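Colleague: Hints given; two lone chains; assemble the complex.
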Amino acid sequence: MIKQFFVILILSIVGYFLVDAFFKVPFGEKRNNVGNYYIEKSPVDLKVSNAVTAIVVNYRGFDTLGEVTVLFLAATGLGSIMYRRKQKGEKEARAKNPSSRIIQIGSQILFPMIILLGGYVFIHGHLSPGGGFQGGAIIATASLLMLISYRKFKINHNTITWIESIAGVVFASLGFVGLVLGRTFLENFLPSGELNDLLSGGIIGIIYIAVGFKVASELTGVIDTVLLNNRPEAQKEN
Amino acid sequence: MVISPVHYIALPLMAAFLIPLFGKLNKDLARIIPGLVLLYLSYISVVLMNQIISSNTIIVEIIAGWRPPWGINLVFSPFTGFLASMFSMLGFVIWMYTYNFKPEVDNAQKQKFYVLFMMLITGATGIVLTGDIFNLFVFLEITAISAYSLTAFYRERDGAEAAFKYLLIGSFSSTLILLAILLLYTQVGTLNMAEIALKMPAVDPYMKGVILILFFVGFGIEAEMFPLNGWSPDVYTQAPGPIGAIFAGMVVKAGIYGLIRVVFTLFDVKEILPLLVIIGMITMAVAEVIALRQGKLKRMLAYSSIGQMGLVVVAFGIGTHESVFAAIFLMFNHAIIKGMLFLSGTYLVYNSTEKTLDDVDGIGKYLPFTSFLFALGSLAIVGMPPFAGFWSKLYLLMAAADVRLMAVIAIILVVSVIEIVYYFRVIHRIYFRERTSTIELKIPSFNAKSAMLILAIIIVAVGVYPDLISGLIERATTDLLDKQSYIQSVLSVGLK
Numbered sequence: 116m117i118k119q120f121f122v123i124l125i126l127s128i129v130g131y132f133l134v135d136a137f138f139k140v141p142f143g144e145k146r147n148n149v150g151n152y153y154i155e156k157s158p159v160d161l162k163v164s165n166a167v168t169a170i171v172v173n174y175r176g177f178d179t180l181g182e183v184t185v186l187f188l189a190a191t192g193l194g195s196i197m198y199r200r201k202q203k204g205e206k207e208a209r210a211k212n213p214s215s216r217i218i219q220i221g222s223q224i225l226f227p228m229i230i231l232l233g234g235y236v237f238i239h240g241h242l243s244p245g246g247g248f249q250g251g252a253i254i255a256t257a258s259l260l261m262l263i264s265y266r267k268f269k270i271n272h273n274t275i276t277w278i279e280s281i282a283g284v285v286f287a288s289l290g291f292v293g294l295v296l297g298r299t300f301l302e303n304f305l306p307s308g309e310l311n312d313l314l315s316g317g318i319i320g321i322i323y324i325a326v327g328f329k330v331a332s333e334l335t336g337v338i339d340t341v342l343l344n345n346r347p348e349a350q351k352e353n
Numbered sequence: 018m019v020i021s022p023v024h025y026i027a028l029p030l031m032a033a034f035l036i037p038l039f040g041k042l043n044k045d046l047a048r049i050i051p052g053l054v055l056l057y058l059s060y061i062s063v064v065l066m067n068q069i070i071s072s073n074t075i076i077v078e079i080i081a082g083w084r085p086p087w088g089i090n091l092v093f094s095p096f097t098g099f100l101a102s103m104f105s106m107l108g109f110v111i112w113m114y115t116y117n118f119k120p121e122v123d124n125a126q127k128q129k130f131y132v133l134f135m136m137l138i139t140g141a142t143g144i145v146l147t148g149d150i151f152n153l154f155v156f157l158e159i160t161a162i163s164a165y166s167l168t169a170f171y172r173e174r175d176g177a178e179a180a181f182k183y184l185l186i187g188s189f190s191s192t193l194i195l196l197a198i199l200l201l202y203t204q205v206g207t208l209n210m211a212e213i214a215l216k217m218p219a220v221d222p223y224m225k226g227v228i229l230i231l232f233f234v235g236f237g238i239e240a241e242m243f244p245l246n247g248w249s250p251d252v253y254t255q256a257p258g259p260i261g262a263i264f265a266g267m268v269v270k271a272g273i274y275g276l277i278r279v280v281f282t283l284f285d286v287k288e289i290l291p292l293l294v295i296i297g298m299i300t301m302a303v304a305e306v307i308a309l310r311q312g313k314l315k316r317m318l319a320y321s322s323i324g325q326m327g328l329v330v331v332a333f334g335i336g337t338h339e340s341v342f343a344a345i346f347l348m349f350n351h352a353i354i355k356g357m358l359f360l361s362g363t364y365l366v367y368n369s370t371e372k373t374l375d376d377v378d379g380i381g382k383y384l385p386f387t388s389f390l391f392a393l394g395s396l397a398i399v400g401m402p403p404f405a406g407f408w409s410k411l412y413l414l415m416a417a418a419d420v421r422l423m424a425v426i427a428i429i430l431v432v433s434v435i436e437i438v439y440y441f442r443v444i445h446r447i448y449f450r451e452r453t454s455t456i457e458l459k460i461p462s463f464n465a466k467s468a469m470l471i472l473a474i475i476i477v478a479v480g481v482y483p484d485l486i487s488g489l490i491e492r493a494t495t496d497l498l499d500k501q502s503y504i505q506s507v508l509s510v511g512l513k
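Going down the list, the protein sequences come from chains U and G. So the number in the working numbering is just where the residue sits in the first sequence, counting from 1, plus 115. So the number in the working numbering is just where the residue sits in the second sequence, counting from 1, plus 17.
Since the hints were derived computationally from the structure, they do not count as laboratory data. No experiment lies behind these values; they were computed from the predicted model shown. Possibly wrong hints are sitting among the right ones.
[To be verified] For lysine to aspartate or glutamate, the following DMTMM-like pairs were computed, each having C-alpha atoms within a straight-line distance of at most 20 angstroms: (1) U:K118 - G:D251; (2) U:K139 - G:D221; (3) G:K500 - G:E78; (4) G:K225 - U:D135; (5) U:K145 - G:D221; (6) G:K119 - G:E457; (7) U:K156 - U:E309; (8) G:K44 - G:E121; (9) G:K382 - G:E457.
[Said to hold, decoys possible] A few chain G residues that face chain U, going by a derived Cβ cut-off under 8 angstroms, partial list only: (10) L38; (11) L42; (12) L46; (13) T207.
We put the CB at the ideal spot given by N, CA and C, even for glycine.
Okay, chain G solo, but in the shape it has when bound (with noise of 0.2 angstroms):
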């Protein structure tokens, strides 16, 4: 079997249906089976980057036999293939750290965690690679009933309000959406993306307006962005630590994704992107001012992370070739930094059930290897060098003032002094505190270990030596750019 994108989704859908049978069978396949799936998608990540790499293509892959528009196709650039690829590994760093966490679960939970965690990864990927929106909506629908079901996965009171908000919120987001998708075909009365871009210029501007409010407001919930966010740090804190990871890497990414999608290619309007630079940094003021604010430390890595991403709207809303470059880098920043910070926060209060920051004090003693990580992973996330959120910062900073936007830079440097003063406070108390809490400690396992080694490695790595990766993110970024040569590489597949 060749190797081609649709394995992204469809395995990872057939290895979902054979978990249950497999579990009865032996009881740790179920756990074993999603691993497999994320190491062979992270393979396939790095054969098929390089091709299209090596190639200068992008790979557009119909499916049933009917290509694009009558049928649904799978886009594989640049960009889309840098995200799917990035999913696809960090989905498996991830799998690695939840390999043993909390050994306690009953079997059946834990068969029915991997389905939906897996799915949840899966349902991000697609996201990202269909070339159809309808298709788009369908994955949208997958990460969400996955995204709910494992907010509440601890079945405690908290978890259980949290997942139900986010419900309501989420279908709320869902049905503009589709609302968005239902109107646009009545204009364009296709459901292709390379189709809907090409024939936009013709629709009537009122209705490209609604149908553009539509989907702002719709993808706006997904992204985190103000003042459509009040369900994620409910989320983010009753989720299970590696599912917060998730989020933060992978379906607030996948929401930015349909945002950017929609301004940058299926719609003309640049008068938008003034609009995208205004709510990034309200986004980002007013999460990171409610984040100084707060006591608990999975709800201050949730603050921070809504302001993040405000970060990256602005940074796509100035538009110009190098601040869409600093957008996609600071989104991989984000997954990378943010995720090890979930990773290892966990464990700093695994046992605790006020996750205050009360108890992490002192903790630096006891958790030497967590709190060295989670400290490595607080300065990258500010941007100090010479770790990899450095870089996209200051790409930012450096585009910002290629455009003359001093306002912008000015919220950005404030922004990140007050990053920096709640994220030191924590590495304070952690370091140079007495512990006072008597809450039993959780050594991590050796895979959480490895799993967050691993992404700390990467951002040093990525610190130190940004050419690994600033390749990639410049040719995704003159893809995403490059309106006439996606419409064409995808409405000439299969014409012979």
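One chain only, chain U, in its complex shape (with noise of 0.2 angstroms):
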């Protein structure tokens, strides 16, 4: 009882001057911070018409070191709790019935554009709207529509892995390269190019394809795990 009203009074002081405070920030109004600075810079110094991309690679870079990395531990994390020992002869089936003939010719022809689509995204991160991550994660919800729309269809593990490896590899070799040549970790160390050419940014554009092939394998294999813990056969073993 008393530790209810505890709870109920701190989440009630919390949310009121959280709610209160955010109505007092202005909105829409040009101040003075350090994102102005970006917004100046990254076409001038970087050669960089997303700014955006400018921030999230380079300016931040390290940040997003990070955030790639949050993503693995939560893949890695997720397959340490749904794992379990393979049985012989089990059947890697994931969907009760095969899905219908329309959903399966459809997803034969949309599976190609999707694929397209995503690396289009984190290819051209630096020159339009979206990146590694997006890009990442339109992959992945071409494999989910494999995976819905084929009992058979099936994943290779092991490939997944190479690929989420390598691309967390080349992302923190990078840094390394930029700290080995002399200066700090993740600098830019190749030439920044011309502004909205597809080879521009220097290691931007590198970076966020890396990123695009770690956020699409990680998050198929997140999605390939789950599925296949949710078989209906493997609830009736239990």
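Modeller: Below, the structure written as structure tokens:
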């Protein structure tokens, strides 16, 4: 009883001040902060037209390395919690019944297009809206579509592990190359190129491609792990 | 490559990405790599600490070539460096302990365990080293995600429940901290902690209050403050033994660090300090009384850990140079002593499912080495001379006496008596009762024994000769309290 009282008391205090404070922040005004610097400098110094990408991958690239790790850990953690030994002669099927012909044909047409769109989004991360995280998520939806449509669609976990690890290692190694070349971790050591060119922004493009591969493989792995463990057969065994 | 603080984060990340690949080549590599990484980090800790102590400077490392406030920076000062070194070295010792712990676990699972284990340590180290408030949040997430998964690692019913509870409370804490950072950014327009501290006096006091409350509750959850600590006893009980040691030694310490950094550096409000003392005292008193009533060994250790954190917060809250010295000393002592209690306690109840105190009856005859170290740790944590715990408690009492806080002294002494009661009760059970339980005992492996022995040697060495460590802590105290030189060294880096 006392415990609940304390909880409600604390929550209401926090909630009240939170709402009140956020309403006090004026909306849409130009203010003096580091954001202005990024907007001014990223097309000039880095030759990157998407300022958000410049912030995410270069100015605050260290955070992105951290966020990629968070996703990696979430996938690893999920794998460890959902882990179970494979039994002999186990069927790899996920859905109970095969889905209808319409869905199967439709997903065959959509699958390559979704992959293409995902790739486009992360390759052009420094030019247009989007980037590694978004592109990776798009690609993962393509594999989700295939998993829903085909009972027998298999995802090779070995390949996923390889892609995931290599993409992560590429990101971290680029950081180390910056450090070894006598400057700082994750520093841009490639020429910036021309504004709006595909090959511009130095290491930003490479990092976002690595992030795209990593996010795509991790989310695919997560979807597959969750679906495998929800098989009707698996539930019957328990 | 020059040794620099970014290695603390970049190397373990690189290793974590590589472990799944190396695990395919050789199943033992996945276990060995984290040890090598932590050993290397312990080595650079010694080098870097020597460097900053002898040259009397602090190392500010900029990342991605953008100097503060535009880029992220790491600050390796006597205070942050001390904590980071402690985490790496303690991490290495705990790695030794885990090496042959539970050999029956599948290799695929072991590999995941070591990835999460290493990232838990890296997250805590990152929280301490970073000079950027949002970067701190990212590392908090890394720590939290690994901690949730490790709590449920054994995949039992209770473990899942504890992990889920922790996940809910932890996400709540992260959300509050993120909202606080957001509000802070709307007010000062920067995320660099030194520049925030510089611009803080100009911020509207109302906003300041709200931001402080959000940070306080957010970090209070991570630092096990009353009444926000509902997650921790379950988590300590259900997580694998060595992970309990990491929680007590690092994760909670990182939470306390966040709280202290916000109160001491970011904000210039001295009015909050008495609140720290009061909350700390309540936490301490409540936790120790509950600990007295616990029938399970690890739950008892968990509540004792909460109580000790209360003591640390009281010490920081008094706010004088002497008391902050005592607080950092307490953090160090608690990390090694509670670490050792968790490591040895885990073997005392290794095969027991309920892990109750009845299981340790008369165990002193069968596991003499582990029991002896557990008894030694118990004596040290309640503050008996000649062990490390004695000095920190003595310094804290002296610091409290200096500012005439008699109520604080009284509560600390009463609580110490309670601590003595429940720790001595366990020692009594270990040595003076007949063994009744029929559960098979597990003899610790050689690695586990050496890990516990190393910690025991440090406890005794610091207890007999506190000057081993007090010089470093003195420097750390000066560094933490000297806000101006922190701001100046961070903001002047890279200016030519």
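Colleague: CA of G:K382 to CA of G:E457, is that 20 angstroms or under?
Modeller: holds (14 angstroms)
Colleague: Let me know if the C-beta of G:L42 comes in closer than 8 angstroms to any C-beta of chain U, holds or violated.
Modeller: Violated, about 12 angstroms.
Colleague: Check the hint pairing G:K500 with G:E78 against an upper bound of 20 angstroms on the C-alpha distance.
Modeller: holds (18 angstroms)
Colleague: Do the alpha carbons of G:K119 and G:E457 lie within 20 angstroms of each other, as the hint requires?
Modeller: Holds, because 15 angstroms separates the two Cα atoms, which is no more than 20 angstroms.
Colleague: Please work out if G:K44 and G:E121 have their alpha carbons no farther apart than 20 angstroms.
Modeller: holds (14 angstroms)
Colleague: Given the hint that G:K225 pairs with U:D135, does the C-alpha gap stay at or below 20 angstroms?
Modeller: Holds, at roughly 13 angstroms.
Colleague: Would the hint on G:T207 be counted as holding, given a Cβ-Cβ threshold of 8 angstroms to chain U?
Modeller: holds (5 angstroms)
Colleague: Under the criterion that the straight-line Cα-Cα distance not exceed 20 angstroms, is the pair U:K118, G:D251 satisfied?
Modeller: OK: U:K118 and G:D251 at ~17 angstroms, within 20 angstroms.
Colleague: Is U:K156 within 20 angstroms of U:E309, Cα to Cα?
Modeller: Judged against 20 angstroms, a Cα distance of about 14 angstroms means the pair holds.
Colleague: Would the hint linking U:K145 and G:D221 be met if the CA-CA limit is 20 angstroms?
Modeller: The hint holds at about 18 angstroms.
Colleague: Please verify that hint: G:L38, Cβ, nearest Cβ of chain U, below 8 angstroms or not.
Modeller: Given a least distance of 5 angstroms, the restraint on G:L38 holds.
Colleague: Hint validation: G:L46 versus chain U, beta carbon distance must be below 8 angstroms. Holds or violated?
Modeller: With a minimum Cβ separation of about 13 angstroms from chain U (threshold 8 angstroms), the hint on G:L46 is violated.
The structure fails hints 11, 12 (numbered hints given earlier, in ascending order).
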